[in-house]
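Participant: Listed below are the residues making up each chain.
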Amino acid sequence: MSAEFTRAMLLRERGRHTEAVATVLSHLAHQPEDAHAFIELALNRMELPGQLALALADAKTATGLMPGDAFPLALQARILVQLEKPKPALALAESALALDPESGYAWNTKCLALIGESNWKSAEACARNALSLDADDATASNLLAHVLRLQNRLDESEAEANRRLARDPENAFSFANAGWAALQRGDIAVAEGHFKESLRIDPQMEYARDGLKESYRARSAFYRMFLKWAFFMQRFSQSNRMAIIIGMIFGFKILRVLAASIHPLLVIPIALAYYLFLFGSWLSGGIANFLMLRDPVARLALDPAEKVEGGVIGVLFFGGIMALVVGFAVEIHPIAVIGGVMVLATLPASMIFTNPSQKGRIVFSLIGVTVLVLGIIMALDVAAHPGREIVADRSSTYFTYLILLVASSSWLGMLDSLRKQDPRLK
Amino acid sequence: MNLDALRHALAASPDNVPLLLMVAKLEEDQFAMAEARLLLDRVLALEPGNREALLAIARLLDFSGETSQAIVRLEDLCSRDPGYAAAWLLRARLTHEEGAPARARQYYDKAVEIDRSQADDALLAEILKAGGTKRGVMTSGGEVHDDADDAAFEGLDASAALDLGIDFQLKSDLKFSDVGGMEQVKEDIRMKIIHPLKNPQLFAAYGKKAGGGVLLYGPPGCGKTLMAQATAGEIEATFLSVGLHQILDMYIGESEQKLHKIFELARKSKPAVLFFDETDALAADRRDMRQSAGRTLINQFLSELDGAQAQNDDLLILGATNAPWQLDGAFLRPGRFDRIIFVPPPDLAARAEIAKIHGKGKPLTDFDPADIAKRTEGFSGADIKAVFDQATEAALSEAMKKGTMVPVTGKMLVKATKDVKPSTRKWFESAKNHALYANQSGFYDDILTHLGIKK
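Chains R and L supply the protein sequences, listed in that same order. Sequential numbering from 1 applies to the first sequence in our numbering. Sequential numbering from 1 applies to the second sequence in our numbering.
Hints listed in this document are in silico derivations from the structure and should not be mistaken for laboratory results. Treat the hints with care, since some could be wrong.
[Stated by the list, open to error] Straight line, CA to CA, 25 angstroms or less: simulated DSS-like cross-link-like pairs of lysine-lysine: (1) R:Lys121 <-> R:Lys213; (2) R:Lys213 <-> L:Lys432; (3) L:Lys432 <-> R:Lys307; (4) L:Lys401 <-> R:Lys196; (5) R:Lys307 <-> L:Lys356; (6) L:Lys374 <-> R:Lys213; (7) L:Lys25 <-> L:Lys454; (8) L:Lys175 <-> L:Lys356; (9) L:Lys432 <-> R:Lys359; (10) L:Lys426 <-> R:Lys359; (11) L:Lys454 <-> L:Lys362; (12) L:Lys411 <-> R:Lys213; (13) L:Lys426 <-> R:Lys420; (14) L:Lys418 <-> L:Lys362; (15) L:Lys415 <-> L:Lys432; (16) R:Lys420 <-> R:Lys213; (17) L:Lys360 <-> L:Lys415; (18) R:Lys307 <-> R:Lys213; (19) R:Lys307 <-> L:Lys421; (20) L:Lys258 <-> L:Lys175; (21) L:Lys454 <-> R:Lys196; (22) R:Lys359 <-> L:Lys421; (23) R:Lys359 <-> R:Lys420; (24) L:Lys362 <-> R:Lys196; (25) L:Lys270 <-> L:Lys175; (26) R:Lys307 <-> L:Lys426; (27) L:Lys362 <-> L:Lys411.
[To be verified] Not close to chain R: a few residues of chain L, all C-beta gaps over 10 angstroms, as computed: (28) Lys186; (29) Gln201; (30) Asp280; (31) Arg375; (32) Ile453.
Heads up, the beta-carbon is just placed ideally off N, CA and C, and yes, glycines get one too.
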């Protein structure tokens, strides 16, 4: 092993990945067929933003240079998991296991690929396999706790996290797992404590930071309701989730018809529950962020974008409701129109500030601005025709466009390309 | 680079020294020696002592076979400007060509002592092959001693430092007055470092020793190393600097012994400042260490800091890091790096000073350093350099298109300040997490204050 290669490994151990890549490349200039150097290169590039594709190419080269070895194959699979391609990742992890069924790294990688496919049962089996090979495998133990929680087996998940913490009380991931289990159980204060402990050990851990934010948000009853729904849904596979949503939409419609047949006023709570269900998941984050802004400690956990989102959604939603109520109460209808439009604009606005897709940010910003502009024009039209019904003549056209725009933003919001960052850029 | 376009630019701006030097180098690369010489003579007519022109003329003379004359000119240049590493290196090369490897080795060592980036392994190998095996030893006065009797002469420390591969300066020439702005940091250093070292009796009366360890931390490219050098200059101490690569090599070679030798050398040179750049690489958290060799080296570092085997009085150990969170907690205990100084991105005055430095030697119009400073809030020194590089590239590409000299305008600089994003932002994102969640001992309070989270 050359001094440069050793130096590169030391640099990686110290988290200096850019310098490590330069050093490995220099080593490769002298030994261009060193498979281990390509593995080292891939391991470093995996940690650098936007270099996953390069890391994958390096892992492929390493596989070509040592085709009988399981590790480069498992490494390729691990990178594919990060690229959100669980299917090919699973195939490669299985090939790696065919070469070396005792590779803990390959079992853990297969577990990750199965988590990516929402196949919790098989993922659990993989983590248990890795643990049977090495009972002290921290990654396998943490994955097992994670996958148990995803199946709502909270006691078992907490027991696994505690078992890990008894072996290694400074394991940030285990604390975060315990925090998520507590949050899922509804023990907000306990969850907060675990997440803080996890972040004390590793302040950069995204998994724990997200958990802490969620536990702060869960202080509001509205958001707790949304969290319960999210935790309930995560137990199911992607297709089952879609079936549940479609079933609920039909269920609501049947309920509404039934309620109307009993008493027309019964429709109101059903309709409210329906719209809460329909739009709650879009708005809950922004509203919870707005509520967090009022807490001097909790707001420090928010990113700048989340703070802006909280401010904008809070003003649009609560300001809109106030204007709507006041407008109708004092019978100044243009104010009520503005209020209603502000509430409607929260939907596209909830997909602007924290949306990792740049394309999505542009699309939803355009929709949001158009909704507000149309709303102002409609309010002016209503003001110019006092005594007329609010939704009549030109206002009726504006109203139709408004509803279409808001509805379209909820449809567009389901497109991954407008809501997710390209994993290659991660 | 298009030589014709540059010749046109030169015709439009015949007194532009940087441009003259650039064209002369390109002419030299094309073996147009006479043209190059003419241009260099013009530089000397404008700036009689221009060292780059003098060096280039020596090089041209050597190319023309007049090596002896070149050596004479280089002798003159080295005595006039003893800190010019490139001149020492060329002198080493020509002296070696003239068949005097021992002297060539002395000149080579001098060049590398001044500027490690001048190291040329191929030349050194040739000199060694020719018999230049004895290491030359330099003092800060620039004199060259023969290495006949290692044990006796005064420059032994420099020789030992070279053997250990660390940078060594008998006295750091840099002072606080040479570093623009950063008054808060300077004041911190005065209170925590300079006063204790200058008034040891006062501290002894309170049962405290001068010296010890101080850690400078902050975003990369913000002047931690410069501050360390200036601190050594202020206390008029020998300055020994250990960089990342020397540290990494310790993990590979006979590490503990080498580290001990470095400390011993510093103790022998007291009062001295022993500076560890990228301290996190040497003082890494032992929990992250997979190799036991790394753990032993870290234990050795701790023991050296404690002065377990020798006294560390009058020895100041300065560490600089941009990842203080990667340090093993043991290093922050009393007696080790127990004083911590946050070096934030350069303030307004410092940024104006940095802008002036980068503006030097460039054809600038409407240049207002204060305005650039105002527009570069949160920029590191390296970011400000990037602003100038980007503006210069814009001027050059315009010059290429027009075929005439285009100066770097204030407008180009302003545009570049908008294009270059401050690199410190990412560092502060990480630092904020550490300051919020892992600040039980108040280690990162300065970051919270800087971010306006804590008053």
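Participant: A separate judgement is required for each hint: does it hold in the structure or not?
Facilitator: These are the hints, each one checked on the structure:
With a C-alpha separation of about 28 angstroms, the suggested pairing of Lys121 (chain R) with Lys213 (chain R) is violated against the 25 angstroms cut-off. Simply put, Lys213 (chain R) and Lys432 (chain L) have alpha-carbon atoms about 15 angstroms apart, close enough for the 25 angstroms limit, and the pair holds. Distance check on the hinted pair: Lys432 (chain L) and Lys307 (chain R) sit about 16 angstroms apart at the alpha-carbon level, within 25 angstroms; holds. Restraint check for Lys401 (chain L) and Lys196 (chain R): not satisfied, since their Cα atoms lie roughly 59 angstroms apart, outside the 25 angstroms limit.
Restraint check for Lys307 (chain R) and Lys356 (chain L): not satisfied, since their Cα atoms lie roughly 38 angstroms apart, outside the 25 angstroms limit. Between Lys374 (chain L) and Lys213 (chain R) the alpha-carbon distance is near 36 angstroms, which puts this suggested pair outside the 25 angstroms criterion. Among the hinted pairs, Lys25 (chain L) with Lys454 (chain L) is inconsistent with the structure: their alpha-carbon atoms are about 55 angstroms apart, more than 25 angstroms. The suggested pairing of Lys175 (chain L) with Lys356 (chain L) holds, with an alpha-carbon distance near 18 angstroms, which does not exceed 25 angstroms.
For the hint linking Lys432 (chain L) to Lys359 (chain R), the alpha-carbon distance of about 29 angstroms lies beyond 25 angstroms, and the restraint is violated. Using a Cα cut-off of 25 angstroms, the hinted pair Lys426 (chain L) and Lys359 (chain R) holds, with the two alpha carbons roughly 23 angstroms apart. For the given pair, Lys454 (chain L) sits about 42 angstroms from Lys362 (chain L) by alpha-carbon distance, which is inconsistent with the 25 angstroms threshold. Our distance criterion of 25 angstroms between C-alpha atoms is broken by Lys411 (chain L) and Lys213 (chain R), whose separation comes to about 44 angstroms.
The hinted pair formed by Lys426 (chain L) and Lys420 (chain R) meets the criterion: a straight-line CA distance of about 22 angstroms does not exceed 25 angstroms. For a cut-off of 25 angstroms, the pair hint linking Lys418 (chain L) to Lys362 (chain L) stands: about 20 angstroms separates their Cα positions. Taking the CA atoms of Lys415 (chain L) and Lys432 (chain L), the gap is about 30 angstroms. The hint is violated against a cut of 25 angstroms. The straight-line distance between the Cα atoms of Lys420 (chain R) and Lys213 (chain R) is roughly 20 angstroms, inside the 25 angstroms bound, and the hint therefore holds.
A C-alpha spacing of about 19 angstroms is found between Lys360 (chain L) and Lys415 (chain L), which places the hinted pair at or below 25 angstroms, so the restraint holds. Our distance criterion of 25 angstroms between C-alpha atoms is met by Lys307 (chain R) and Lys213 (chain R), whose separation comes to about 12 angstroms. For the hint pairing Lys307 (chain R) with Lys421 (chain L), the CA-to-CA distance comes to about 22 angstroms; that is within 25 angstroms, so the pair holds. Between Lys258 (chain L) and Lys175 (chain L) the alpha-carbon distance is near 30 angstroms, which puts this suggested pair outside the 25 angstroms criterion.
Among the hinted pairs, Lys454 (chain L) with Lys196 (chain R) is consistent with the structure: their alpha-carbon atoms are about 19 angstroms apart, no more than 25 angstroms. A distance of roughly 22 angstroms separates the Cα atoms of Lys359 (chain R) and Lys421 (chain L); the hinted pair therefore holds under the 25 angstroms criterion. Taken as a hint, the Lys359 (chain R) and Lys420 (chain R) pair is honoured in the structure, with Cα atoms around 10 angstroms apart against an allowance of 25 angstroms. A threshold of 25 angstroms between alpha carbons decides the hint, and for Lys362 (chain L) with Lys196 (chain R) the separation of about 52 angstroms lies outside it, so the pair is violated.
For the hint pairing Lys270 (chain L) with Lys175 (chain L), the CA-to-CA distance comes to about 19 angstroms; that is within 25 angstroms, so the pair holds. A threshold of 25 angstroms between alpha carbons decides the hint, and for Lys307 (chain R) with Lys426 (chain L) the separation of about 18 angstroms falls inside it, so the pair holds. Between Lys362 (chain L) and Lys411 (chain L) the alpha-carbon distance is near 15 angstroms, which keeps this suggested pair within the 25 angstroms criterion. Listed as outside the interface, Lys186 (chain L) is consistent with that label: its C-beta sits roughly 29 angstroms from the nearest C-beta of chain R, beyond the 10 angstroms cut-off.
Remark: the non-interface label on Gln201 (chain L) is consistent with the geometry, its nearest Cβ contact in chain R lying 41 angstroms away (cut-off 10 angstroms). With a cut of 10 angstroms on Cβ distances, Asp280 (chain L) falls inside the contact zone with chain R, its closest approach being about 7 angstroms. With a least beta-carbon separation of about 21 angstroms from chain R, Arg375 (chain L) lies farther than 10 angstroms from that chain, consistent with its non-interface assignment. The Cβ of Ile453 (chain L) sits about 6 angstroms from the closest Cβ of chain R, inside the 10 angstroms cut-off, so the non-interface label is violated.
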